Amino acid sequence: MIVVRRKPLESILAFISPYRKVLLLGCGSCAAVCFAGGEKETEEVACLLPLMAADKGIDVEVRAATCQRVCDWEFVEPLLAGDDKPEAVVSFSCGAGTNLLADRLGAIRVFPGVDTLFIGATLEHGTWQEMCIGCGDCVLDRTFGICPIARCSKSILNGPCGGSKDGKCEINPETDCGWIKIVERAKALGRLEDLAATYIAPKNWASSHHGGPRRVKREDLKIAKP
Amino acid sequence: MPSLDTASKPLLSGSRLERVLRSGQFAVTAEIGPPMGCDPAVVTTKGDLLRSYADALNITDNQTAVVRLSSIAAAVLLAQRGIEPVMQMTCRDRNRIAIQSDILGAASFGIRNCLCIAGDHQSFGAAGKLKGHPGAKNVYDLDSIQLVAMLKKMRDEGVLEGGDAIEHGGPRLFIGAAWTPVKEVGDIRVLRLAKKVQAGADFIQTQGVYDIEEFKDIMARARDRGLHTRTRILAGVIVPKSAGMLRYMQSSVAGVKVPDALIQRMAGVKKDKAREEGKKISVELIQQLREIEGVSGVHIQAIEWEEAVPDIVKASGLFPRPDVEAAPSREP
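Chain order of the listed sequences is A and B.
As numbered in the numbering used here, residues -18 to 207 make up the first sequence, in order.
As numbered in the numbering used here, residues 647 to 978 make up the second sequence, in order.
Quick caveat, the hints were computed from the structure, so don't treat them as lab data.
Please note that a few of the clues may not be correct.
Quick list of simulated restraints, FRET-style, between CB atoms [unchecked claim]:
| id | chain 1 | residue 1 | chain 2 | residue 2 | range |
| --- | --- | --- | --- | --- | --- |
| 1 | A | Met112 | B | Asn741 | 22 to 28 Å |
| 2 | B | Glu813 | A | Asp122 | 34 to 40 Å |
| 3 | B | Ala773 | A | Glu58 | 51 to 57 Å |
| 4 | A | Asp96 | B | Glu939 | 35 to 41 Å |
| 5 | A | Pro(-11) | B | Asn741 | 45 to 51 Å |
| 6 | B | Ser897 | A | Gly87 | 56 to 62 Å |
If you're wondering where the values come from, they're calculated on a predicted model, not measured in any experiment.
For every residue, glycine included, the Cβ atom is placed at its ideal position computed from N, Cα and C.
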């Protein structure tokens, strides 16, 4: 999932203070699963914001609505139909949804209600960890399923570097060394020599964000216009 | 000393370090940390102090992620005085475009030795002693092994990483890599050394060694793979200044194993004698390292205490340094 974290309420209040009519838009997918921007969290913010605004003498009408996914326009559009348009929308989806809103909402101002953190997995209830950076050219076949780009602080493809100590990374004794994880996994699978034999060449970062904003277009999925 | 596989081949770079190693003599390099400023005298004074006591002087590249006078500029300052530098190049701060450009630039000034390292993460900031730049964006376009392979391709094929030809041939380089010679799960440190050698590391500079027994053990495993015949290994010696420094390295410096007995020995001497004891320990370490098959030299790091190096080299019987005949060089 895309892991997000809600911004402080004070920040959100500062965003919306020039506006009288605000929609808080929750996202029922990733942001809901990580308890930061789903229906429950968005409703909560909708209760608190007007009270905080009133304390500061700001009069604002706040409405909350949540759709299945903010990153799909078909789910968002019905929530913004009709003449009763908000002046501003605070999106509690990841940045993908927030960007899509900005692309489509014309005169309506769009703000982020969350910080988008990473593509991660749930380790235990309340703990998420980054597992993938979406580099566009997966190397997991050669690293026994553990990503050196996401899980090594230096994204080293032929690790571990000299900064690894007792299985931990030099940046922080709490952070596991991603490369020691890879070695342990190779060892468990009896494939250590593969690590010595496999030189991973310099990566073509053009498939990641370094090649500019990426787009996937599949002709086979295109719906013919009548 | 076993003959290197390349012994009969022409010199790769013609650097003094390469010639000393090729001649089979025990090499000595020493480290210079450039200043956090632009006074060239800091570099040249240290260079002049050490020039007779080492075959080449290794200049760190913004070590511990603290901004310092660049390794390349310091290398040029030394080269202009006839002192041979080992330029360091980290992967932290430059992408492959900048690295290759800087390598060509350094080679144009006659720099022949380059040590390829990952570089300390930008969160270091001298281990918290300085502010540093923990919010910096790092690069790591390449890792240190890819950097070694890229330099080898530039030198041997005259081709840039992307495939374009280098005008008038590639730079003559003696390519180095670092090694952390400690026990680790799956013998990964030996496997990784094998990868560095396979990628093209002509010489290896190890992290500081204090635990001779563990180092002997890991060297034996490197020899089992024949790595000592394919590269030249310079064992790292970090000159201890105090028991506190040894304790800090034991607890906090990755890749350095410090036996408790050594800390107790340092703690047992009076404070004003600690530095003398540190020199004695260094001499003893060098003597023990020399005995290990496959160790071709030492790299002495007297951090912020370069004045210690001459005494250590003399007491180790490694002075004077050999006079190796300069090879005909192709300019630049």
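Hints and how they fare:
Restraint check, Met112(A) to Asn741(B): a C-beta distance of roughly 25 Å satisfies the suggested window 22 to 28 Å. Range check, Glu813(B) to Asp122(A): Cβ separation about 38 Å, and the 34 to 40 Å hint holds. Separation of Ala773(B) from Glu58(A) is about 54 Å and conforms to the stated range, judged on CB atoms against 51 to 57 Å. Taking 35 to 41 Å as the suggested C-beta distance range, the pair Asp96(A) and Glu939(B) does not conform, at roughly 55 Å.
Taken as a hint, the range 45 to 51 Å is violated for the pair Pro(-11)(A) and Asn741(B), whose Cβ atoms sit roughly 36 Å apart. Range check, Ser897(B) to Gly87(A): Cβ separation about 59 Å, and the 56 to 62 Å hint holds.
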